[in-house]
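Student: Position chain B relative to chain A; hints supplied.
Taken in order, these protein sequences are the chains called A and B. Numbering (our numbering) for the first sequence: 1 to 381. Numbering (our numbering) for the second sequence: 1 to 392.
Since the hints were made in silico from the structure, they are not lab data. Among the clues, some could well be false.
Not everything, but these chain A residues come out facing chain B in the computed CB check (under 7 Å) [unchecked claim]:
1) Tyr117
2) Gly141
3) Val169
Coverage of chain A stretches by chain B, computed from C-beta distances (three or more under 8 Å per stretch; other residues unrestricted) [said to hold, decoys possible]:
4) 15-24
5) 71-78
6) 316-324
7) 328-337
8) 363-374
Glycine residues also receive a C-beta, built at the ideal position from the N, C-alpha and C atoms.
Here is what each chain is made of, one letter per residue.
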Amino acid sequence: MIKIFLNELRRIFSDSGVLIFFIVVPLLYPALYSWLYNNEVVREVPTVVVDDSKSSLSRELIRRLNATPDLNVAAYEENIDEARQHIMRQEARGIVYIPSSFAADIHSHRQTTVSLYVDMSSMLYYKSLLTSLTNVTLDMGSDISVAMLNSQTAREEQIAASPLSYEAVPMFNPGGGYGCFLIPAVLMLVIHQTLILGIGLASGTAREKNSGRKLVLREDAPFGIARIILGKTLCYFMVYFVMACYITMAIPRIFNFIQLADFWQIIAILVPFMLATIFFALALSCLMQQREHVMLIIIFTSVPLLFISGIPWPVSSLGASFKAISYIFPSTFGINAFVKVNSMGASLGDIVFELRALWIQVAVYFLLALYVWKPKRWTQE
Amino acid sequence: MSNKRFIQSLFRVMKREVDSLVHAPIYWFSMIVFPLFVIFFFSELMNEGLPTDMPVGVVDLDNSTTSRKLLRNYDAFQQSHIVAHYSDVNQARRAMQKCEIYAFMYIPQNMERDLLASRQPKISFYYNNSVLLAGSLIYKEMRAISTLGAASVGSAKLQAKGLTQRQIKSVLQPIATDVHAIDNPMLNYNIALSTTIIPACLALFVLLVTAYSLGIELKKNRAKTWMTMAENKVMIALAGKFIPQTVIFTLVVWFYQYWLFVHLDFPHNCNFLLIMIVGLILVVAAQCFAIFVFSLLPTLRMSMSICALWGVLSFSISGFTYPVTSMSPSLQILSNLFPMRHYYMIYQMNILHGYSLHYSWMYIVALLVFMMLPLFMLSRLKKIFYKYVYLP
Chain A
1 MIKIFLNELR
11 RIFSDSGVLI
21 FFIVVPLLYP
31 ALYSWLYNNE
41 VVREVPTVVV
51 DDSKSSLSRE
61 LIRRLNATPD
71 LNVAAYEENI
81 DEARQHIMRQ
91 EARGIVYIPS
101 SFAADIHSHR
111 QTTVSLYVDM
121 SSMLYYKSLL
131 TSLTNVTLDM
141 GSDISVAMLN
151 SQTAREEQIA
161 ASPLSYEAVP
171 MFNPGGGYGC
181 FLIPAVLMLV
191 IHQTLILGIG
201 LASGTAREKN
211 SGRKLVLRED
221 APFGIARIIL
231 GKTLCYFMVY
241 FVMACYITMA
251 IPRIFNFIQL
261 ADFWQIIAIL
271 VPFMLATIFF
281 ALALSCLMQQ
291 REHVMLIIIF
301 TSVPLLFISG
311 IPWPVSSLGA
321 SFKAISYIFP
331 STFGINAFVK
341 VNSMGASLGD
351 IVFELRALWI
361 QVAVYFLLAL
371 YVWKPKRWTQ
381 E
Chain B
1 MSNKRFIQSL
11 FRVMKREVDS
21 LVHAPIYWFS
31 MIVFPLFVIF
41 FFSELMNEGL
51 PTDMPVGVVD
61 LDNSTTSRKL
71 LRNYDAFQQS
81 HIVAHYSDVN
91 QARRAMQKCE
101 IYAFMYIPQN
111 MERDLLASRQ
121 PKISFYYNNS
131 VLLAGSLIYK
141 EMRAISTLGA
151 ASVGSAKLQA
161 KGLTQRQIKS
171 VLQPIATDVH
181 AIDNPMLNYN
191 IALSTTIIPA
201 CLALFVLLVT
211 AYSLGIELKK
221 NRAKTWMTMA
231 ENKVMIALAG
241 KFIPQTVIFT
251 LVVWFYQYWL
261 FVHLDFPHNC
271 NFLLIMIVGL
281 ILVVAAQCFA
291 IFVFSLLPTL
301 RMSMSICALW
311 GVLSFSISGF
321 TYPVTSMSPS
331 LQILSNLFPM
341 RHYYMIYQMN
351 ILHGYSLHYS
361 WMYIVALLVF
371 MMLPLFMLSR
381 LKKIFYKYVY
391 LP
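Pulled out of the complex, with its shape left as it was, chain A reads as follows:
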């Protein structure tokens, strides 16, 4: 087993293709992604205002809108058609239209309506503009109704305007940052995909070099298949453990993402996650006729795997068949365990389900790898 381990180690470090996936990609990708999303939120979305009211009240509304962090009044136009030109030229993402009756409505105690048109090229523009406008109109509205009601005391006025108050508490990602939401899942996925790619490449090479396109040579056979697999696993695990620690512990720190998990909690997830992934990759190796096939087969799965993990798209809205598919891959449980512990501060007790699933995968994929790697034709040769 030690010999297999050393052989495999030597092979990894002499194969630059494998090194790309074991060292270069895990070092670069997470940093690159974190950089992409490091601004986290969409601020100061350029917006065109069409103010038909031209009153002090409408100017007050515009002033308040411009003061919000998410909206920036980029231009004023006389009508909607001219405002649309800005959107077509991609200079603005939304139009706020204040009707000519705006001030008159408010003064004569009629409900007035402000319209918002949003360019739907990104949902995040919509979210920013809608939040800004809703908050500003509600605030300004309650000021207006307080003035309007003319009650005895200020407190009474306030209560009449909103008898039931509410507070909203965003949990675990209070800023609503896009990076804090997506990056933890992406990090685990990078570990998963690069491990499978590296191992697939290494096994593909072995198959190309070995006679008869077999995964294992007869000379190695005396070691027994289990020992070969364990030796290789040990090697991959040791090399990759360093990278996994860098990805899960250093990257969030460098880029200031949420990190609630402590070292041992992450280890408790990483160990079964990496073992399951390694055995899974070894079992998959039987599909790789050429070493490069693994890239054609694996790379495109990254995005579907991310989606069925339940982070970008809520798991409660995944169909049964998608959920079933997601249970095949270690990434699903790895991502969920990591996000729960790291972003939501869950304890290991809260992720028993994921950990158990990962350990079951470790066992199943180990047996599958044994079965796949067992050469079928030795007896005939």
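Tutor: Frame of chain A, contents of chain B only:
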């Protein structure tokens, strides 16, 4: 070389390529099976458009007629579904950490009494922002239900004060908003994501297959016979090799466009012919980009790795979800090096919104520039095909 010989050798190379495509299962998979899988996968995954009935919890310490009515009305909302009642906040928080629920509403003790006594009770919602989409959609519904709840209590009071319905409306919400989400009024996520993620996946396949099929010629030592067949003309060799692939990939892209814009009736405000042309341009631009990468790094693994990097980064840097304008300025410039970025701009400007090409010509030019790239590399490619040997 006469025209006739030119055509003959082109056809010879094309025939050779078709033969090798047909006989290698990996091409079947990565040109037809996987792309079709991706098309159906994403369009089916989000077919609801918006997630519905997401599990939420309730901590109702008041347990009065008013609170129960509020919760009943809330449960009738489309996106939230009350699955559990908890006796305290800690329990609910733990359920949230286990992702059993995405949010919970906290109703304090004596809410009903405080309401009647005008003491302005406060209800709270806690929502999970680590699952951003679920969190923000549920937040919107919870805010809507408490505004409605407040409105019903408020209007009863104001009626007692002798205000008319119209006045009540103006007191409760003096400024209403009316939101128009242009061309995607239902905020359908399938429309936002399938139209961008699927073509990005297809472009990824084009990049990888192009680099693979070039590299494999060197690996299998077939580059020289290939060149001889093409009468030593790189243009003929490349054209003969890639025209069959262009045809297959373009048909796949057209099928995708048919499936989304015709079968599923996704919004498109332009001629279908333009959609098809944009699809063709995307395929060819991606192919030419991959040929260019290969001519710079003429090994199978390096060119495939770079193409993979480009293809995978496209999902983020094209700005489908997190807009490019919110990234750091250097990334905004970098995004122009990705064919998918330009496709996305053309898609959202011309296909989704139906603006005239007059607004998006620079993105079309950018894709055409990608298509020119291999032309600068012809002599280098020729050298590569004659000299380079495969190194594992």
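Student: Could you work out which earlier hints the structure fails to respect and list their numbers in ascending sequence?
Tutor: 5, 7 and 8
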